[in-house]
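Turn these sequences into a full structure, and let the hints steer you where they fit.
Number of protein chains: 2
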Amino acid sequence: MSPPRRVQIVEVGPRDGLQNEAVNISVEAKVALVEALAAAGCKRIEAGAFVSPRWVPQMADSELVFGELKKRASIRYSALVPNIAGYERARAAGVKEIAVFGAASETFSRRNINCSINDSLQRFWPVVEAARADGVFVRGYASCALGCPYEGRIAPPAVVSMCRTFIEMGCSEVAVSDTIGAGTPTQARDVVARVADAIGLERVAVHFHDTYGQALANIYACLQLGVATIDGAVAGLGGCPYAKGASGNVASEDIVYMLHGMGIETGINLEALCAAGNVIATRLGRESGSRVGRALWK
Amino acid sequence: MSPPRRVQIVEVGPRDGLQNEAVNISVEAKVALVEALAAAGCKRIEAGAFVSPRWVPQMADSELVFGELKKRASIRYSALVPNIAGYERARAAGVKEIAVFGAASETFSRRNINCSINDSLQRFWPVVEAARADGVFVRGYASCALGCPYEGRIAPPAVVSMCRTFIEMGCSEVAVSDTIGAGTPTQARDVVARVADAIGLERVAVHFHDTYGQALANIYACLQLGVATIDGAVAGLGGCPYAKGASGNVASEDIVYMLHGMGIETGINLEALCAAGNVIATRLGRESGSRVGRALWK
Chain A
1 MSPPRRVQIV EVGPRDGLQN EAVNISVEAK VALVEALAAA GCKRIEAGAF VSPRWVPQMA
61 DSELVFGELK KRASIRYSAL VPNIAGYERA RAAGVKEIAV FGAASETFSR RNINCSINDS
121 LQRFWPVVEA ARADGVFVRG YASCALGCPY EGRIAPPAVV SMCRTFIEMG CSEVAVSDTI
181 GAGTPTQARD VVARVADAIG LERVAVHFHD TYGQALANIY ACLQLGVATI DGAVAGLGGC
241 PYAKGASGNV ASEDIVYMLH GMGIETGINL EALCAAGNVI ATRLGRESGS RVGRALWK
Chain B
1 MSPPRRVQIV EVGPRDGLQN EAVNISVEAK VALVEALAAA GCKRIEAGAF VSPRWVPQMA
61 DSELVFGELK KRASIRYSAL VPNIAGYERA RAAGVKEIAV FGAASETFSR RNINCSINDS
121 LQRFWPVVEA ARADGVFVRG YASCALGCPY EGRIAPPAVV SMCRTFIEMG CSEVAVSDTI
181 GAGTPTQARD VVARVADAIG LERVAVHFHD TYGQALANIY ACLQLGVATI DGAVAGLGGC
241 PYAKGASGNV ASEDIVYMLH GMGIETGINL EALCAAGNVI ATRLGRESGS RVGRALWK
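Just so you know, the sequences run in chain order A and B. Here the numbering used here is used: the first residue of the first sequence is 1, the next is one more, and so on. Here the numbering used here is used: the first residue of the second sequence is 1, the next is one more, and so on.
Treat each hint with caution, since some may be false.
Derived Cβ-Cβ restraints for the label pairs, each shown as a range [to be verified]:
| no. | chain 1 | residue 1 | chain 2 | residue 2 | range |
| --- | --- | --- | --- | --- | --- |
| 1 | A | Asp197 | B | Lys71 | 45 to 55 Å |
| 2 | B | Ser2 | A | Gly170 | 47 to 57 Å |
| 3 | A | Gly263 | B | Arg110 | 43 to 53 Å |
| 4 | A | Ser26 | B | Gly263 | 24 to 34 Å |
| 5 | A | Tyr150 | B | Arg5 | 26 to 36 Å |
Don't read these hints as lab results, they were simulated from the structure. The model shown is predicted, which means the values in this text are computed figures rather than measured ones. Where is the CB? At the ideal position from N, CA and C, for every residue including glycine.
So this is what it looks like as structure tokens:
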């Protein structure tokens, strides 16, 4: 395979990013961020989560965020939902696209979502069924795909198995996710190639965190396989880049800079994206986690 | 080609890194840094420069640094020299390996080293001749290889031409250097492949800066060509990572993490390398520019 000519960026900053930031920001600021991302050319934006406000207070106002967003037909806004109750809230808020979050590591699953991998899949099943019946697009996150904080490396067949189950369940896409950012390029390419063999390349997205600075190299390795859907979070949201063990998402700006440099289209205006990232970083009271954002448009 | 089984890291932090830091540190601290790098397993260390103290005050004490270093037979210490006067100083200090610094961009050459590309090569010629006669290994830096702050992209044949001239002059190695960190992986691979075709892969080193976060992806792309000599600077020395337009070197820790993750040997103890990086970052009064250093051993 060769790299794709066009890549679709899935901007996860407003959800995976902000839910892992220590500072909570207002509904207005969240809406402004999503609108700025849309104006910059992002066509897919994960804008919130319908999870328990007790566990994730940063996402407690997702109803309000979705309520205030100017819906544009050309842009796909999605929300994370953990269970059928969350799905009902999302549907009531007019959400047309959802994601469910599983872990390929048994220990991480138990500690992070409080049930075994199999139980989590049982819990997603009615959500995906209901969403499909409503014509709602569903993405599955296969987290810990390249490593688990408790178990270390996860056997690739376990990752493939989870991804295959997501698709069999009715998900349209799986995000192979290096939640702790521990993966390196050869490993990333190997695991993603196995997943693509199992479920089809067109259903594969990749989701990297930049904890050890490996994310862009991993993305480049996956581009060689033809992967054309890549997650990023503007400003590297999701963990202060200067804190110990920070595990912020890879910065969308840095991905877009690389892709454009490689002659790959994204439809995104890099300058506008950097501006959006620098605004949200300022609101959070910290530097942007994007090197491109810091270098060019500070 | 496939990636090499072993990579030689050329640690340039004590020279290319420190000479671009705003804070000047003591001879003792410089020596301690070099010794810590050696103890961590670095076999090639660029430890100083014999340049005008008027232009580069951070390197004014290189005689003292080389004088105090415990020379170990297994470790190659090198110094940058700009001209024959610098070479005489280096030789008097017992330096056994040198580097000369040219630019593939005419404008950058004139502004940075104050002469045309051809004049710079004329100036290096007697240096390389003298060094060769003394049995001193010479590296040539081809800077601006992937971009120039004044001219933008440099035509790859101009980069190839400079590298070929370095070799014809008697240099044993050329570092293809992305001085401003602007390059992206496809471009890096293309330019480096052309250089390798012209001078032989075994004479090629790659030198990246992480201004736009592209360095590891570029290195990964070059590894696919078989490149086995890679420059890095511990702690990403050479520009505060949080300042606008900072152009610090790619952090050696992040390179080594990637290489070890890919099963490529370096002979370096990553933990000891991170410790060395965190010590020098603390001395400079700032965070390490290495994500691995920040995540693991802060």
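Taking the hints in turn, this is what the structure says about them:
1. A:Asp197 - B:Lys71: 45 to 55 Å: For Asp197 (chain A) and Lys71 (chain B) the Cβ distance comes to about 54 Å; the hint holds.
2. B:Ser2 - A:Gly170: 47 to 57 Å: violated, 40 Å
3. A:Gly263 - B:Arg110: 43 to 53 Å: Roughly 31 Å apart at Cβ, these two residues miss the hinted range, so it is violated.
4. A:Ser26 - B:Gly263: 24 to 34 Å: Cβ of Ser26 (chain A) to Cβ of Gly263 (chain B): about 47 Å, so the range 24 to 34 Å is violated.
5. A:Tyr150 - B:Arg5: 26 to 36 Å: holds, 31 Å
Violated hints, in rising order: 2, 3, 4; the structure is consistent with all others.
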